[in-house]
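Participant: If you want the building blocks of each chain, they are given just below.
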Amino acid sequence: VPEIAPRRWLYLFLVLASTVAAVTQMAGVLQFDGFTLREIVILSLFAILFAWIAMSFWLALFGVWARFSRTNLLPLKPASGLSAARTAILMPVYNEDVGRVFSGVRAIWESAGSDFDFYILSDSTNPANWVAEELEWKKLKDALGDSAHIFYRHRPRNTGRKAGNIQDFCENWGQLYDYMVILDADSLMTGKTLSELVGLMDANPRVGLIQAPPQLVGRSSLFARLLQFSSSVYGPIHTAGLAFMQGPDGNYWGHNAIIRVHAFIQHCGLPRLPGAPPFGGEIMSHDFVEAALLRRAGWEVWMAPDIGGSFEEPPPTLLDYLTRDRRWCQGNLQHLRLVFAQGLALPSRLHLAMGIMSYVSSPLWLLLLVVSVIDMMTANPVPGGFFIGLQPMLPLSVSHAAELVVLVLATLVMLYGPKVLSVIALLESPEATRAHGGTRKVLQSAFWEALFATLMAPIVMLQHSWFVFSILIGMATGWNAQTRTDRALPIALVAKKFAPHTIVGIAVTFLLQKYALESFNWFMPLLAGLWLAIPLVLVSSSPFLGEWLRKDGLFLVPSETRGSKVLGRAHALAKSHPTLPVQAQLVLEDAKVRDLHLALLAETPLPTLDPLKLWSLRERVLRGETAAFSREDWALLLSDPEGLKTLSTTP
Amino acid sequence: MIAQSLAPWTPGRIVVALFTTLISVPAQLAPAVSNRRRRA
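So the protein sequences, as listed, match chains A and B. FYI, the numbering used here numbers position 136 of the first sequence as 136, with every residue one higher than the one before it. Take the position in the second sequence, starting the count at 1, then add 1000; the result is the number in the numbering used here.
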């Protein structure tokens, strides 16, 4: 794309120019009595953080420009005619809600038809999930008949996690396919979008990957509906800005993307990083790295911001959101080791760096606040001359009210500007406005969303700071399955998890009241979020409140107002078909379940099992002592076809 | 699938790269300058 270089230079110039302007202004305020070490720290942190928010501001502005000028954000050759390519749709599963996974697969299959082969790639370590998945798969196969190519594979060990799961597919079945579409356990795509992606891959042989940015949909809790609304209103501007700037140097978000299988097989084998976790070991956030490797090998990586028909569900509560962030934070921090990897393209390095910065910015904000507060508390109090109206200003030796107001305004514009621009861009289209509930409701929703996001921001900042700190001191984390169901959180749990935030909020209030009363009001917006942490999380987790506000027309998104066929179908299937809690025990008790399990086991290479342990397990089964079996015991027993056969013949 | 190398540039390599740039930029400009002098 020839016009992309000037865009990038302009972007760099705007980010730098706005940062330099803000930093000069700040330096003007601070240098009055010469710079102290603390002030230099404040200035450096301010420079980094201002540049960071300026980057997203200008990105949004470019996005708005791209939308209004109707720039083609995916300048690829259009698809021509029918495709002869073979495409596999992969659904990696790890101890997920089985009913939902299979409802999703069925809904996509019904939308996409039998042109695609589906692979449910299970890494589930929970034996009950394993058995339930097999049963659900059989049920689906029976329901859809022979025309449905839906395969189920269970991996005995989840080596390499999700990346290892996909790699295992590539090594065993990759040769059979031209393209693969990667899904997540809660993602959905329409048949139309899938076919369009295949057509684009066919017509553009240099393209290695196309990411179809997923819309957040399908939840009912207030928190999730807020996320859905913000992703639906602000998302298009952000993705347009990204696509406008990155061109063929795009990124991969781990799911809802189509990949050229042979390019992936050739170039995306991930190494184990030397050293121990959290920085060494398996690469956790593999998606960014895979995109960087494809780019390094010369393949184009695109994003299709306007393709539509690509969905995923947001986490239902702030607690779940933060649990997911804990993993992402660790995964992204690990990229610190890869930013300077040999041969990567500069945009790939930027994607990695921005991923890191999205978490590291939190402790930097916190540090800036702490240092500023200390600076204020120790500054010599000089009376008079720092009031604008009734607002007391920061007590810095002389009145710098004007400069400070300019700085605060600039920061507010950087933070809220993208939201305002997105709302304007939305309101410009009558159809999109109607799909979000009409002008009045859009404005109301945007106001409440902004307020809510502002209150949540300090909670998230504290939590992210803790994540970064705990990871840097080496407290590694596992990679647990996500909770993906709406539920009101119990008070005790929320109180326990968010007590630290509340305590920090109250402690800081006390300190400021005592030592820097004049600047207290400046910190109100930050502190309010912390004081209210527990009620905020509690209230926002409520599915009832979310539903109630939906009826009132707030935070509406197109999938709610206009509906989506594939989404509606997946929900209807999941609802009409509640999965019974399947126990691993069923394999011993029910001959049909056992036969199915044995038949599937015959197709998979078996892991090496400890014969002594197996023997003792078999003995315990014969003695009827299965009640005391651990998950590991069951998993071992289920991986032992010989044992299961002998146990089945015993009465 | 073969594991790809993601070894980082070593600090030494980055220093060498900087150094070569420092040397090579004047070296690349030098012929242009000396040619112009000769013509004059």
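None of these hints come from the bench; they were simulated from the model. A portion of the hints provided could be inaccurate.
To be verified - Reference excerpt, derived from the structure (chain B facing chain A, CB under 7 Å, subset only): (1) 1001; (2) 1003; (3) 1006; (4) 1007; (5) 1010; (6) 1011; (7) 1018; (8) 1019.
This structure is a prediction, so every number in the text was calculated from the model and none was measured. We treat Cβ as the ideally placed atom computed from N, Cα and C, and that holds for glycine.
Participant: Please go over all the hints and tell whether each is borne out by the structure.
Facilitator: Structure-based check of all given hints:
1. 1001: 4 Å, holds
2. 1003: 4 Å, holds
3. 1006: 4 Å, holds
4. 1007: 6 Å, holds
5. 1010: Since the shortest Cβ distance to chain A is 9 Å, the answer is violated.
6. 1011: Nearest chain A Cβ about 9 Å off; hint violated.
7. 1018: With Cβ-Cβ at 14 Å, over 7 Å, it is violated.
8. 1019: 17 Å, violated
Hint check: violations occur at hints 5, 6, 7 and 8; the rest are consistent with the structure.
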